[in-house]
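Protein chains: 2
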Amino acid sequence: MTKWVYTFGDGTAEGEASMKNLLGGKGANLAEMSRVGVPVPPGFTITTEVCTYYYENNHTYPVELKDQVMAALHGIEEKMGRKFGDETNPLLFSVRSGARVSMPGMMDTVLNLGLNDKTVLGLAARSGNEKFAYDSYRRFIQMYGDVVMGVHSSKFEAVLDEVRETNGYKFDNQMTVEQLKDVVEKFKDICAKDGHPLPQDPMEQLWGGIGAVFKSWMVDRAIYYRKLNNIPGDWGTAVNVQTMVFGNSGDNSATGVCFSRDPATGENYFYGEYLKNAQGEDVVAGIRTPQPMTIFAKEKGNIDLPAMEEEFPELYKQLADIRAKLEAHYKDMQDMEFTIQDGKLWMLQTRNGKRTGTAALKIAVDMVREGLIDKRMAVMRVEAGQLDQLLHPMFDKKAKRESFARGLPASPGAAVGQIVFSAEDAEKAVHEGKKVVLVRIETSPEDIAGMHVSQGILTARGGMTSHAAVVARGMGKPCVSGVADLRIDYDGKFLKAGDVILKEGDMISIDGTTGEVMAGALPLVLPEMTGDFGEFMTWVDEIRTLGVRTNAETPLDAKTARGFGAEGIGLCRTEHMFFDPARINHMRQMILANTEADRRAALDKLLPYQRQDFIDLFTIMEGLPVTIRFLDPPLHEFLPNKREEQVEIAQALGVPVEEIAARTAKLHEANPMLGHRGCRLGVTYPEIYEMQAQAVFEAAVSVIKSTGKAIVPEIMIPLVGTKKELDLMKAAVVKMADMVMKQSGTTFEYHVGTMIELPRAAITADKIAETAEFFSFGTNDLTQTTLGMSRDDAGAFLPEYVAKGIYNADPFASLDQEGVGALVEIAVQKGKATRPNIKLGICGEHGGDPETIDFCHRVGLTYVSCSPYRVPIARLAAAQAAVRNAK
Amino acid sequence: MTKWVYTFGDGTAEGEASMKNLLGGKGANLAEMSRVGVPVPPGFTITTEVCTYYYENNHTYPVELKDQVMAALHGIEEKMGRKFGDETNPLLFSVRSGARVSMPGMMDTVLNLGLNDKTVLGLAARSGNEKFAYDSYRRFIQMYGDVVMGVHSSKFEAVLDEVRETNGYKFDNQMTVEQLKDVVEKFKDICAKDGHPLPQDPMEQLWGGIGAVFKSWMVDRAIYYRKLNNIPGDWGTAVNVQTMVFGNSGDNSATGVCFSRDPATGENYFYGEYLKNAQGEDVVAGIRTPQPMTIFAKEKGNIDLPAMEEEFPELYKQLADIRAKLEAHYKDMQDMEFTIQDGKLWMLQTRNGKRTGTAALKIAVDMVREGLIDKRMAVMRVEAGQLDQLLHPMFDKKAKRESFARGLPASPGAAVGQIVFSAEDAEKAVHEGKKVVLVRIETSPEDIAGMHVSQGILTARGGMTSHAAVVARGMGKPCVSGVADLRIDYDGKFLKAGDVILKEGDMISIDGTTGEVMAGALPLVLPEMTGDFGEFMTWVDEIRTLGVRTNAETPLDAKTARGFGAEGIGLCRTEHMFFDPARINHMRQMILANTEADRRAALDKLLPYQRQDFIDLFTIMEGLPVTIRFLDPPLHEFLPNKREEQVEIAQALGVPVEEIAARTAKLHEANPMLGHRGCRLGVTYPEIYEMQAQAVFEAAVSVIKSTGKAIVPEIMIPLVGTKKELDLMKAAVVKMADMVMKQSGTTFEYHVGTMIELPRAAITADKIAETAEFFSFGTNDLTQTTLGMSRDDAGAFLPEYVAKGIYNADPFASLDQEGVGALVEIAVQKGKATRPNIKLGICGEHGGDPETIDFCHRVGLTYVSCSPYRVPIARLAAAQAAVRNAK
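Chains A and B are the protein sequences, given in the same order.
Heads up: the first sequence runs through residues 1 to 887, numbered per my numbering.
Heads up: the second sequence runs through residues 1 to 887, numbered per my numbering.
In case anyone wonders, no lab produced these hints; they're calculated from the structure.
Any given hint might turn out to be false.
Intra- or inter-copy, both count: the list cannot distinguish identical chains.
Straight-line Cα separation of at most 30 angstroms, DSS-like style, residue types lysine-lysine; simulated pairs [to be verified]: (1) 887 - 193; (2) 804 - 735; (3) 83 - 131; (4) 666 - 227; (5) 344 - 79; (6) 767 - 830; (7) 642 - 496; (8) 666 - 642; (9) 705 - 83; (10) 215 - 398; (11) 434 - 317.
Treat the numbers as computed from the prediction; the structure is a model and nothing was measured.
Generate the whole structure from the sequences, applying the supplied hints.
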């Protein structure tokens, strides 16, 4: 028979901390606390499996549940020496949700369950505190009405408002017993009028509460929260039924929420708040100002209220011991709830506390120093994504923010500036000393210079991997993309979203971490970087086995990435080098050429530029590996579509505009992503790749000569689908290497490898590895082809796909391990079968995603490569993968 | 030691017929003929491995080759009692190429090798025929000069022309001895002046001849031929060195080429031609009119020349016996060459004869009746592709054709008509009783009606699987696509290619079988269909295990396909039904709708049309399976891009044109192939698929009621990448099925399955099969995604890819088995692992390709589905696959 119910309390428990999946986080920790001798009000947990059963069986429970609940309930009655529903000495319960991971405030809770018109009398008599009894009853009716019976809370609040107003009360605890009794009657009337009279039978109340918790798993806000946090819907929630203890039963009672260390800064002092004579939600709700835990905190915060340490010195000491005990037990910072009832301390909850990135880092480093955890555990304590907080400027959290539009958090960080609507305007304004935010419908490669000088980028279209998003992340610039509500009028130079209209020059603030867009200039704060950061990262580097490189093609990017600890360049996209104004017309001449000779003439002009690019990169990287991807995009990306631009270029190049228009039309493609690009350009125009190879090798020779360092270029051929393509391209590269060696009288090492970015390449990787010396998984394109999904177009349906759980996350942000990952695994196995020492990297956007990095570690890649600002995150994620997958 | 040389002749041979890969077709058959006792002039074969060696080792031979050739040569000298280079009784050789498969006229031959200024005297003395000797010598010099030394043939021809003219000769055999001697001297002078004096050393001549054959493997015309016929370049050619026998050594000598049956009609009589006192090339060259073999042929052909049966009755009888012997031995129609020298018959070659489709069919059927072969062998004797010849009208082969442009043979058959440049013009002209050929830069779905009424379609752009090509094949209409040289001026209403300009209304002829385009109206002939065809196809159906369905959505297509033996519909593309003028505006209304309610209102109007479509198909298919694919293309395909069309539609729909323009712009996609289409439409707009499901099920109920037949619709969800997508779509379908069953009071069976057309679907097929009751491999899209290659754009590089051997064939025409096929195999294995009885089909263009069909048989698919006109071909290919892969 399945065990659906687990009891706890009184120094024993059927469950334990490791049973989070079954008991939820709260239930598992209540059991664990019971086991280690912390005083916990007795109770029982109904497992998450009941929740799953409930949703799979048309909202019904397993048949055995009722008996198991009754048995557990009787056990509690025995322990407490009181009975549920007893009219003289009633046992009361709280009913709370508890999923595997904390979903704060997302699901429902009912307290004081078991009160009715008769038991309230018993409670009053027994406690000798009639006011407390009726206060508890009115709270119960409001919660139960709202949570279980769906009576709108505002109806109850209206009654309370009236009492407060009539009597000039500031706080609810100012109400008299008579007033509370009156409120109770009015609340019951409200329920009855709403068609939901309050059940007087405690058992009916209990099952109503249990049902409400299970139902709350599927309310919109819970679904939304899970979506935001990638929590699968089939995990379900547990229900915790626990003996009520009352922090509001008199002045010798209290309730509080505390952390074993400061969750904002990580400092090691007892952090928290409590309220005398109050129930838990009073602390959270902020109706009364809570008091600090310690004298230290009181002084630190300049607080004018007594600390618990002063008011309840004995109990404080007991609590401080528990704090120490639990932190030592869990070896992590604890977030605890406690209640003091009539001078007795009860712990209601403990869990690992949420914390800021700054705090996470400090706590981890401190705990290592304290000998509480080792370095391997420490690196697990900072979420890789949290490092972002340490790397980008942020809005001051204290500032009030009112967003008028929201898009995708495309590149983290905060930006404030004057609105400009074109890249040229951005450059002009910045030249005049202004700070600007570039607002575009979408961006294109021609906007890069303008993006570079802007504080941030805001686009109406495009997803997490749109041009704007990718380039912004690469630059470490905040970006909000895909703001669907945004209307941009380039001619009128204004933007509109809802009622808000902003003109060119108006201040705007964008939060690339949340996707919010605000009018005006919000205050910014600089990220806090402590000395611990550096030390922590040395541990990270000791632990990880996966290399971390960067995607970079400019000297600035390369320098930034090295500063962040990149161990080489994993992807240098050479085409980005051709968009420079000094070069693009040579590129266009090359494209317009009708003969190989004309193409070669134009390429000859590009050669010195390319060579200098590589000299710069090799010099900065000082012998670290540099992987250079040859020209990848379709040639039409270099030609303009608009007539006026065509005219301009025709004049610049001295050719008839019709020629440019005709070539542009001829190069037009229905699906450019699947078109004449990558090595297909190299196959049809070998001279392009020959020029690039020559530039790479001549640059290598130059830097070898000038620095004496060994420069070992890695040349990467894109979009390979067959071994034969790579054979042809490798032959061209080898030819140029031989030529440069001969001409320079210098020998050098180099490697030729390929992107694996087509399913065909993955599936025939054994053959391709006969020629390829390394693979780099281009997971952007591999995702597009494997899923048959254009990242430029997926915005129309992908949000709905994620909402409906078809994909757990945006597959362009976090690798689709089941599909794309399976192909990567096949390619790794096949590649290693042919060439056991083959170097394996990943250079798609996914290379900076912690979950993907864990995958990369597991399948045995050599390194990941990501944008410069993601490098520290990738290093940490790699270390965490090493710890997580050890043994 | 490797054996590089194999001898034959005189009743024995070192090789045999099965060694074609090593000895080439000719060499293997010469060996085989020797073995079975047919008189063959002794000789030896240098293996194809020498050719491979030659090209892999910088044009050198294996060291052992020389000794092995010398040994073989001495063996022949012994057998013949003559010596190579002997001045009194010289042995002469022919040197011929011979690849695994016949490449007629593609490679080089040298005859009479061993003649020089001295041996010619010996030949003259020994034969007593000085004229013959010098005639042989002058032939040798011309051949050797041309083939081995690269002296242009026209220089020799000029000398011969002068002799003919001066003396008024019609034929070369009118030349006198003195004239021949003079020619010989002049020929030697030509060689010497060209810098290539004729070698007098017979051994030098021999090695020159051998080298010339190996070199000829890589000349342009041979490479081109191999490319056309999918013959790998690394097969190489063998070289056959064989004792010369002379059909031109007097009136008791002759030479001939004959077939054991008529290769054009397949009739069983001795077909062929011979010439008295002539060498082989005289027969082929057509200088003299050859004579028939038999009196029967003489009378049949109304020929005024004596038959061999009359002139050489004894030798004829011997040859006829050999004909019977060889046909019985090879069990196939033979193509033979023979020579009579001084009254002795020698066989120079036999091979399975090439034949027309008509002949192939007749010979196969006759041979079964004769008990020579069984039915399984018979079905192997007709190339599946040849059946096309029996199904489409053709140009009269006797008519002279001069093509002015050439494109891709996109849909076979011949078409003649007046040129029109738009689909509307086509409809108008046909309405006026004209026959037209539609000429477009490329076609789009809006052109379908115009394509339907045209005789054929000619496009400047697009490959074998462009819209024009696919639709034309589906309609069984001839189509030539991708004529790169073609300039089309829609405004001026003319086309231009090279110097040729044709205007609207001018007659044009296109050959969809060859890709040729001709001005004017070429005469057409109807395909010959004999009664044998039907019988043959019953054998085909007995043997094959693979089902054959058709891709069809119109009643006409469905009827045509059933006539061709389709066993169901494997792909009914419902979107084609929405382009009908009566419906498209409802479709557009649906697309323009802003709410689900508005969409449902528009869909309600489409429902009756869809229902009737399915009623028609179910009625025609009489209970055969019908697989209906739900809406697949992106919605923007239904909206016009041009302003004037938008205006028109806005008026028709009564909405502002701006609304249409805005929606069109919003729906625009960068890569529509990877965009918001397939089941992604079903996920975001479930009401569309619900309407389609309702139409399918209501149609099924209607036909079940009207015919009493069991109609079992198969509903196919397109572009599925994850199980969850299919779960959602299947749930919607099941809901509608339940509703229709309830409303109609009828129960019916149905199946829900999916296309496997994304790599992700293939790689997760085990999971998808939990929901899918059948898979249909959509290999068009699976090829596009696996290869990352847009079929609309591949024209820019694919020809070069095929030319460079990166792909052996167009992967959109014949399945890329190594890449795409590997994914299909994975999906088959995974699908069967989950659901052992899962139905597996293929419905891409590849479903009609014989090589792909063989693959489908091997991997264990249930059926293939192809366009109606390919159905007989697919049936035959399926039977051949069964035979080929038996055991």
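Structure-based check of each hint:
Neither within a single protomer nor between protomers do residue 887 and residue 193 lie at most 30 angstroms apart by alpha-carbon distance, with minima of 63 angstroms and 81 angstroms respectively. In this assembly of identical chains, residue 804 and residue 735 lie within 30 angstroms of each other by CA distance solely across copies; the values are 18 angstroms between and 53 angstroms within a copy. Taking identical chains as interchangeable, the C-alpha atoms of residue 83 and residue 131 lie at most 30 angstroms apart only when both belong to the same chain, with a minimum of 22 angstroms there against 134 angstroms between chains. Taking the shortest alpha-carbon separations for residue 666 and residue 227, only the inter-copy value of 26 angstroms comes in at or below 30 angstroms, while the best intra-copy value is 45 angstroms.
Taking CA atoms no more than 30 angstroms apart as the test, residue 344 paired with residue 79 passes inside one copy only; the shortest distance there is 16 angstroms, against 121 angstroms between copies. In this assembly of identical chains, the alpha carbons of residue 767 and residue 830 lie at most 30 angstroms apart whether taken from the same copy (8 angstroms) or from different copies (23 angstroms). Taking identical chains as interchangeable, the C-alpha atoms of residue 642 and residue 496 lie at most 30 angstroms apart whether they share a chain (26 angstroms) or sit on different chains (28 angstroms). In this assembly of identical chains, the alpha carbons of residue 666 and residue 642 lie at most 30 angstroms apart whether taken from the same copy (15 angstroms) or from different copies (19 angstroms).
In this assembly of identical chains, the alpha carbons of residue 705 and residue 83 never lie at most 30 angstroms apart, being 89 angstroms within a copy and 67 angstroms across copies at closest. Neither within a single protomer nor between protomers do residue 215 and residue 398 lie at most 30 angstroms apart by alpha-carbon distance, with minima of 35 angstroms and 83 angstroms respectively. Taking CA atoms no more than 30 angstroms apart as the test, residue 434 paired with residue 317 passes in neither setting, with 57 angstroms inside one copy and 104 angstroms between copies.
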